[in-house]
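Using the sequences and the hints given, assemble the complete structure.
Counting from 1, position 267 in the sequence shown corresponds to residue 266 in numbering that gives the first Met the number 0; the numbering is continuous, with no gaps.
Hints were generated in silico from the structure; no laboratory data involved.
SDA-like mimics (lysine to any residue), calculated; alpha carbons at most 25 Å apart, straight line:
no., residue 1, residue 2
1, K74, L59
2, K46, D180
3, K145, D180
4, K145, S197
5, K108, L19
6, K6, D49
7, K74, R133
8, K46, T34
9, K46, R104
10, K145, E354
11, K205, F159
12, K74, A238
13, K46, V123
14, K6, N40
15, K108, E67
16, K127, L140
17, K46, L18
18, K108, G62
19, K6, L42
20, K6, D29
21, K74, V130
22, K74, A118
23, K145, D207
24, K108, N64
25, K6, D111
26, K145, P200
27, K6, Q25
28, K205, L293
These numbers were taken from a predicted model, which means no experiment stands behind them.
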Amino acid sequence: MTTPVEKPRILLVDDEPNLLDGLRRQLRRDFTVETAVGAANGLFALKPGDPFAVIVSDFLMPGINGAEFLAAAAKAAPTSTRMLLTGHTSLADAAVTVNQGRVFRMLLKPVDTETMTAALRDCVTQHKLVVSERELLERTLQGSVKALSDVLSLASPAAFGRAARMRRVASAILDQVEVEDRWAVELAVEMAQLGIVSLPPTVAAKLDSGAELAPAEQEMVDQLPAVAEQLISPIPRMAPVAECIHYSHKGFDGSGTPADGVAGDRIPFGGRLLRLVQDHDALLLQGMSPTVALATLRTQSHLYDPALLEAFSSTAAAAAETIRGVMLADLQAGMVLAAAVRNRSDVLLVNAGQEVTVGLITRLRNFAALEDGVAEPLMILDEAGVSAASVPVAIG
Numbered sequence: 000m001t002t003p004v005e006k007p008r009i010l011l012v013d014d015e016p017n018l019l020d021g022l023r024r025q026l027r028r029d030f031t032v033e034t035a036v037g038a039a040n041g042l043f044a045l046k047p048g049d050p051f052a053v054i055v056s057d058f059l060m061p062g063i064n065g066a067e068f069l070a071a072a073a074k075a076a077p078t079s080t081r082m083l084l085t086g087h088t089s090l091a092d093a094a095v096t097v098n099q100g101r102v103f104r105m106l107l108k109p110v111d112t113e114t115m116t117a118a119l120r121d122c123v124t125q126h127k128l129v130v131s132e133r134e135l136l137e138r139t140l141q142g143s144v145k146a147l148s149d150v151l152s153l154a155s156p157a158a159f160g161r162a163a164r165m166r167r168v169a170s171a172i173l174d175q176v177e178v179e180d181r182w183a184v185e186l187a188v189e190m191a192q193l194g195i196v197s198l199p200p201t202v203a204a205k206l207d208s209g210a211e212l213a214p215a216e217q218e219m220v221d222q223l224p225a226v227a228e229q230l231i232s233p234i235p236r237m238a239p240v241a242e243c244i245h246y247s248h249k250g251f252d253g254s255g256t257p258a259d260g261v262a263g264d265r266i267p268f269g270g271r272l273l274r275l276v277q278d279h280d281a282l283l284l285q286g287m288s289p290t291v292a293l294a295t296l297r298t299q300s301h302l303y304d305p306a307l308l309e310a311f312s313s314t315a316a317a318a319a320e321t322i323r324g325v326m327l328a329d330l331q332a333g334m335v336l337a338a339a340v341r342n343r344s345d346v347l348l349v350n351a352g353q354e355v356t357v358g359l360i361t362r363l364r365n366f367a368a369l370e371d372g373v374a375e376p377l378m379i380l381d382e383a384g385v386s387a388a389s390v391p392v393a394i395g
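Written as structure tokens, this is what we have:
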């Protein structure tokens with residue numbers, strides 16, 4: 000039995016219901032046609048996760064015109080191909096619509112069924128090409144990022160853990176602000192640590208412990224963003240990620256590197272966020288509590304985007320509001336340490352902010368088995384990263 004071929008879905012948007020009904024009857028043999036009267040209803044029809052192959056809009060509509068609608072549709076449904084169907088012949092208006100809405104085809108009313116069908120088929124072909132390229136790039140990107148993350152975890156487990164800590168902090172901040180291309184910002188936070196693989200082991204160890212660096216060692220650390228950029232730049236779609244990392248040592252006041260005169264809001268958003276979360280994590284590595292680390296950042300507020308610092312402050316305050324206790328035996332994968340864990344000899348076992356994994360639980364229990372039992376203070380966040388806890392945990 001032959002499986003019926005699924006017809007491409009198209010959305011027709013116009014302010015004339017009779018015209019929409021006529022187009023639906025003409026096109027329903029070749030396409031699955033949905034209609035929307037007016038741009039507002041057209042935007043409502045764009046459901047996430049269920050894109051149309053083609054979106055067709057009239058130009059002259061009351062309220063939101065075709066140019067504005069197609070521009071909004073390009074953001075809401077980026078893989079859908081867009082076509083303009085209009086009786087308006089102004090070249091200036093047509094240019095605005097084509098440019099803002101990234102229109103693939105434009106037809107003038109009245110249009111016959113054959114011409115309309117042929118144009119829609121071209122649009123469907125374009126949609127398939129866009130979706131195929133997007134899927135290929137996403138698989139390439141995901142595979143490349145996973146490979147780099149695996150390399151980092153093997154070459155420097157401490158840097159890998161630091162990347163995980165900073166990613167969680169960044170995600171909490173990003174939940175408080177509006178930002179385009181959030182994926183690129185979060186990926187930049189994770190990939191910024193790749194440069195660590197270029198450091199000599201002794202310098203990497205000092206960086207991991209928060210120890211003071213010699214001038215020559217600090218110069219090596221200052222080059223880490225450039226190394227990370229070089230590693231990720233050849234990967235498709237990573238240009239915005241590389242740009243975030245490029246500015247990760249830049250102060251909001253324009254100080255730091257690169258020394259290019261860029262300051263304030265002209266610094267890429269991801270670079271501003273990276274500077275904040277990296278400095279915060281460095282303070283935790285020096286042994287500061289989250290509260291002291293935040294207070295220290297505030298004393299150097301000229302280095303950070305005020306809006307991001309305020310968003311971070313609010314997330315930190317929310318995390319400190321509720322405290323609960325947990326014993327070592329009750330630790331679960333997915334929890335997050337809110338303070339460094341040391342044994343009774345003051346040996347650092349786990350840094351603050353480290354996510355609890357099965358392997359980490361095993362490591363802590365092994366320390367407990369090797370040494371005489373002693374209660375150590377441990378602070379944890381729940382797996383959602385919202386609530387904090389201060390608890391006695393037997394670790395050695």
